[in-house]
Amino acid sequence: MKTAAIRALVHNDLRLYLTDRRAIIVGIAVPILIAAFFGYVFGTTGDAGATAKIPVGIVDEDASVVSRAIAADLTKEAMIEPKSLTRRAAEELVRSGKLQVAAVIPQGFAMNATRALFTNDAKPEVTLLIDPSQTMSGRIVEGLFAQHAMEEITKAAFNGSAGGAGLADVIDRLDHATNVSGQDRGDLKALLEAAQRLNSRDPSAASGQSGALQRGLTIPYGVRSMPITSGAVPYNAYAHSFAGMTTQFLLFGGIDAGIVLLLSRERGIWQRLRSAPLSKSEFLLARAVATTLIGLFQFTAIYLFAIMVFGVRITGSVAGFAVLALLLCMLNAAFGLMLASIGRSAGATRGIAMMVTLLLVMVGGAWVPAFVFPKWLQSASLAAPTRWAVDGLDAVTWRGSHFEAILVPGAVLALTTAVCLTITIWAFRWDD
Amino acid sequence: MLRATHLKKEFGERKAVDDVSFEIRAGETLGLLGPNGAGKTTILAMLSGLMQPDGGSVSFGGHSARNSQEELKRRIGLVPQDLALYEELSAAANLQLFGGLYGLSGRPLAESAARALELVGLGERANERVKRFSGGMKRRLNIAGALLHDPELILLDEPTVGVDPQSRNAIFENLEELKRRGRTLLYTTHYMEEAERLCDRILIIDHGRVLADDTVRGLLRRLPASKSVRIEFDDPLAAERVVTEVAAMPGVESARAEAGTVRMDLADLGRGLASVLSRVADLGLPTSSIQTAEADLEDVFIHLTGHALRDDAPGAAAP
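So the protein sequences, as listed, match chains A and B.
The numbering of the first sequence is this note's numbering, which starts it at 88 and goes up by one.
The numbering of the second sequence is this note's numbering, which starts it at 881 and goes up by one.
Hints are computed from structural coordinates only; laboratory data are not their basis.
Beta carbons: idealized from backbone N, C-alpha and C, even for Gly.
Keep in mind that the hints are not guaranteed to be accurate.
Just some of the chain B residues that point at chain A, by a computed CB distance under 8 Å [as the list claims (entries may be wrong)]:
| hint | residue |
| --- | --- |
| 1 | Gly929 |
| 2 | Leu930 |
| 3 | Ala973 |
| 4 | Gln976 |
| 5 | Gly980 |
| 6 | Leu981 |
Covered by chain A, according to a simulated footprint, are these stretches of chain B (three or more residues, beta-carbon under 8 Å) [said to hold, decoys possible]:
| hint | region |
| --- | --- |
| 7 | 958–968 |
| 8 | 982–995 |
Here are some chain A residues the structure puts well away from chain B; computed CB gaps all over 10 Å [said to hold, decoys possible]:
| hint | residue |
| --- | --- |
| 9 | Phe124 |
| 10 | Glu164 |
| 11 | Arg174 |
| 12 | Arg175 |
| 13 | Leu180 |
| 14 | Gly230 |
| 15 | Asp262 |
| 16 | Thr265 |
| 17 | Glu280 |
| 18 | Gly309 |
| 19 | Gly398 |
| 20 | Ser432 |
| 21 | Gly434 |
| 22 | Ile510 |
Use the sequences and the hints to build the structure in full.
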């Protein structure tokens, strides 16, 4: 092994990298910018107030006490920003993308909903006009509407005039029903008449004594969200976005190294290198070491910035973080060498490599967390080394996991590196 | 020092090098002269270990190159035809890499790089980026890149391509200095005057075969005529007519028309020229100039390789 020659090649590659300001900017500043953007968009540091409210339209065709109360309740929700609209205006705004969802409360909603509480009569139908690109917003509005509608409808059933009329109508129909047994009819009638009596009392006289009925039926429990992280440091969404973007841009760095190698084959410098007493394995080793060192430089610079400016912390194993960084940089170097080995021309190889890399980082959850993927894609993404890299970095940063947590991700990265290097050694054209 | 024996190389169905044998002696400068696509670069690639021959062998100092590739590479310096430089780096940084590839480091490397830069006249530009250099300076640095490990044999593949006359002269002075220092040079070119000025011996190659292997004087002796006459006519079309008239005359070895000029090779200048001029006078064609000259390497080259235009043949270049 000719260490002086390998050292000279490594030194030269580092020198070339440091003289290329564009490469440094692309490799460090761009991932920082994109990670900052993703980190901000996907939750920042858990500050819900900083998240934009969903614009929602309310089309109240019923114009009843109940429908107005539902609309009023919705205005108090933190996640949405409702406004009253006509149906035509709501459709227009949803179509143009200015409104994500609009709920249309049909005429007769309050009366029919109260009746449907106690009978098999057809339920009134609330229409949600949804921007197809914002289906998640539709589900949020559907949930909130259900919660407030249930509350206001039951409240009206036991307190309001519409509810009283509805109950009277149901009792009347129960008296004439032929498909109900005598004992059931008696029990049901007693229940409905009790509700009718409650409804007929003066609401103001009952206040303070029957608050539950005054409010209608509500969800009988509360929910408290408790983030489970290392405990010492709160969740920081930038930690995930920096893990993803660092992985992506290190892969880009590997591609660049491979392309530079392919281009050098077409230049006189290749003959100079080949005419030197240097073996294929020594040459490949030098390139792998240089690309790994450049990757580590990028990795360190990006994470230093993330730590100092965005408050990202390595709350888990620092040794695990360092091992993952090294393995990831080695993988990218091996990936670049593999491209240079199997690629025929720089242009075509760059295009294909970029496509594969973007696919790997998307599937690997580098852009958005993998849990938002469909189930099959979540399973498929386990085949992408990028998924393991991002998961591993997540584990030792914001999850605060111990060294053991990076054993599997590390093994996957090491195995993939070995595969890339095997292909490189097999396919690299040195003697032609 | 270096012996090539029955070298063969084929690219597909084309024979780029076909049974080429020659020897380079220590301290000698051998010119490899041939038209584009003749096989010069392919021969150089096989000598320097960049390419394995399909047949034949190369030996250096009596040892087969196939069995001692690394040793061969240590004793040879290659100056590729394409510039083999990192333009983003300084001249010194380039040489540090090239020396490092041969195991040099530290002070010996620095001294070697300084010597090489001095030799090619770039000592004061050592720390400048190569991309700021002129074409001639880059060519000189390209030569310096092959000298770091003090090779016994330097292979130069058309080292003056694309440079101005001043730079070419500077490169020649560099190479002559290397000759004075006892280096063995193998120099490929298609410029006759370069080969005449620099080479002790010349190998003329065409279609992958050796057509001649001799000194310049020996090559000139191969010509059927040692004197040539150039007659320029006022009427450019007259040249063709004169060639037809004089080609078969006694004493005229060959005659050809080139851009309004008739060029003839004569066995005996006195008798041959008198007959030719008499015939031209009979034809009533006014001449604008008449020149006589000794045959030169270009005459030998044309005599051996013919007049047909050569395009670069595919696959002729080294990897």
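message = Under the constraints set out in the numbered hints, which ones does this structure not fulfil?
response = none
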